[in-house]
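Respectively, the protein sequence lines represent chains A and B.
Mind the numbering: the first sequence is residues 1 to 618 in our numbering, read in order.
Mind the numbering: the second sequence is residues 1 to 313 in our numbering, read in order.
No lab work stands behind these hints: they were computed from the structure.
These figures come from a predicted structure and were not determined experimentally.
Where is the CB? At the ideal position from N, CA and C, for every residue including glycine.
Be careful, since some hints might not be right.
Unchecked claim - Covered by chain B, according to a simulated footprint, are these stretches of chain A (three or more residues, beta-carbon under 8 Å):
#	region
1	130–136
2	143–150
3	247–254
4	430–443
5	456–469
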Amino acid sequence: MTDIPIAPAAPAAPLRRLGRFAANPLGIVAASVLALIVLASVCAPFFAPYDPNLIVLAETLQPPSATHPLGTDASGRDVLSRILWGGQVSLKAGSIMIATAIAVGVPTGLIAGYFARTFDGVASWVSNLLMSLPEILILIVVITSLGSGLAPTMITLGILASPDLFRLTRSVVINVREELYIDAAKVSGLSDTRIIFRHIVSVILGPLLVRCSFVFGLAIIVQSGLEFLGFGDPTRPSWGGMLSSAFQTIYRAPELVFAPGMAIGVSVMSLVILGAAIADSLGAERAPTARRRSTGTRRSTGTPAPGAGPGTPQEGTPQEGTPQEGTPQEGTLTTDVGQTPADALLRVENLRVTYRGEDGTSNAVVEGATLHVHRGEVLGLVGESGSGKSQTSFGILGLLPPEATLSAARITLGGESLLGRSERELQRFRGGRMAYVPQEPMSNLDPSFTIGSQLIKPMRHQLGASRAEATTRAHELLDRVGIPDPVLTMASYPHQLSGGMAQRVLIAGAVSCDPELLIADEPTTALDVTVQAEVLNLLRELQRERNMGMILVTHNFGVVADICDRVAVMQNGVIVEQRPVLELFADPHHAYTRMLLASTLENAPPRSRHGVRREVDS
Amino acid sequence: MVRFIARRLVAGVLLAFVVVTGMFFFLHLTGTDPARGALGLYATEDQVAIKSAQLGLDRPVIEQYLDWLGHAVTGDLGTSSAQSSPVIDLLVTRLPVTVSLALGAIIVAATFGVVLGVLAAVNPGRFDRALQIVMVIGFALPNFWVAIIFAIVFAVGLRWFPATGYVHLLDSPVGWLLSITLPVAALALGSIAAIAQQLRNSVINVYSQDYVRTLRSRGLPPRTILLTHVLRNASPPALTMLSLQFIAAMSGAAIIERVFGLQGIGSVAINASGNSDIQVIMGVLLFTVLLVVLVNLIVDILYGALNPKVRAA
């Protein structure tokens, strides 16, 4: 089983959790059903209508009636009473199994995760071994020596299930150990034990409850399986035993199979649903990805399914000029809905990007951006992180995640509108006419494919090149971007490259299909300082060589001074100033621009933008 | 890659060795008495003692173990104490039944699990939600109960399939297929749910990776991105799940055999357990563990083929 990523929760807020849980109707139903089953089993001696083992030979295989609500079995025993009593066996079985699994899995997981070293290796090996064992066969071995009592079988099963809890505990502990607040606690002088108790145990409680609900369900299923095979105490009513005897009369009274099967199914289902509901109410405090998964909330895959029609969520307005749903009213804008020159390569007018939260709130990250880029021109898009620069870029490229809504009065590339296009139509633009250079090179290359295949495929699709043509071209491109050994690099996997090399590969990929517009999203931020200047130079050279329009997203005015022709300054989703670079440096109009300039230029005064600057600050 | 496979193979053999050794000593040291088991409750102590000597049970356990192990590596698994026939003969006739069920179930589960998991991941909304519910139900209903229901509906009621019995593949391929359809379907249901769920989660996870966005920015068609890049990166965890499901299917087959009156390894083990027939139990265990090791090895090789980092390591 893969380790489920578990982000440690912030210090608990039990009341909020309880509230969230109460808001989940399915969880409430499951909890109630479960409570009812437990109550009915525990109280079976008091209100079961008959002795579950009372054999009445005159009343065998009776259909349901007022005296026997669920009928009688082949020995004339009352089915309802046996179901009620049978729950006790399942409850005991589950309790023994859970207690064992916790007693074995949690402490070992704590030790392995916290102190690691040799113990971790050994324990992980044993846990893998236990997970490779077919449980029924091991149970048969145990039964051969120790008999088929509940204790030996369920303890064995608990041990076999303990790797699950071991792995969970171990991964939670490792996560928590890496959290800063543990370090803080160490500094403040708490002992190791206190640290374990104060932090790790409180964090693990939630996920542990969730797993236990599954383990309990498994106990009920396997225990009834054993009873069905005849490993059980025939004098003790159990759901599995009932199935076994119902199976004997399958031709005469097949309906007898129904009640015990439902009892098992409903119990396990309630447990699983309850577990999921607990996970949801706890998960809301966790990493958003984990939460999205567990709740199954609408998270469409960035790319729509193959064959999905047009009208994909991320592509703006059906008709130009009509803002899409949820767009705030026009009048509240802090900047003008500006105009862009008709001859510009890229024209973006009043671009808005809004994210819908899961609680229905919407969060506008870009609020009416207007910008343009001419052929052969470099536009710097500057602002602090979170100001909406990247979102603007993704909006233009049509690569926003599905939870984002985009609208704009105009987005055109070379006179053709990008708005209201289907994914299939946008494909024509992406790569071939507009391309993207990402920020973090390593995470932007598919780890499972060679560099060569990642370069060749787009050229074959966009340019219709043959494999041989595309390969030659890829070699030339890698050579052009300064990769020393293109042939070797083509056969390499991303993890074999350095960050600088990977970024060169990505730049080669971006320009491989001769785009007119290149959008580079902080292309040097993730690189070593020594490599940054080289990569910037490469971008500028390529841009001039190919007369591309380029948007360079950056927070660095040094970079802007070096290669940009014009600058757009972005603050809180709004472009506050947009002017030729020398003008802006000489006379910044907006207070925010002045502030940004002041903070950047303190340690790096701008030189002539035509001079080659090798060092790049920050 | 060769070194990678060799290492996994050694690890697998070591695992089988540890399990078999552990179980051998567990059975002998907890007072399991094959002589008594073979002769029944009414045999006298003297008779049991004679039988014990015949079976070599009066020797030290370590000697018995080395003897068993020495023969086992040559393929001689000893003689059943209850039936006086070679264990290997018993296994060779019974094993195909169980393996047919488990392998059949895993192939069916992989096929449907992958399709449903991918569909759920790329069709968020009702389809995904419906599938989640089906998955919970698939986990919650014990597969032997589903098997009984299938038997009642499709074998007893509709008479589409035989209710009991196993037909050998070589005797009649169609008969074989019909005889394993219901048990395989019952076994596969839970595994389909588990595999689909796992794949759905990992496909969704891969879709949120940066490189998928970059691939899209290069103008690759969504179908190419899904079927090559996303699926390949999403498959390792699903493969792990597949090998776990095979182990579960071996267990499940042992129970489901009973529903359809199939004489597989499960019924052998259950009878052997009743007779304290250690030799047979050890034989079943060894075969099953080796089968699990083999399947894990295949999964590891696939894993390595899919993940260049693993291969290089």
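Verification of the hints:
1. Figure legend: the region 130–136 of chain A, annotated as covered by chain B; annotation consistent (6 residues with Cβ-Cβ distances under 8 Å, at least 3 required).
2. Remark: the region 143–150 of chain A is confirmed as covered by chain B, as 4 of its residues place a Cβ nearer than 8 Å to a Cβ of that chain, reaching the required three.
3. Counting residues of the region 247–254 of chain A whose CB lies closer than 8 Å to any CB of chain B gives 4, which reaches the minimum of 3, so the coverage claim holds.
4. Evaluation of the coverage hint for the region 430–443 of chain A: fulfilled, as 8 residues show C-beta separations to chain B shorter than 8 Å, against a requirement of three.
5. Three residues within the 8 Å Cβ limit are the bar, and the region 456–469 of chain A against chain B gives 4, so the coverage statement holds.
Hint violations for this structure: none, all hints satisfied.
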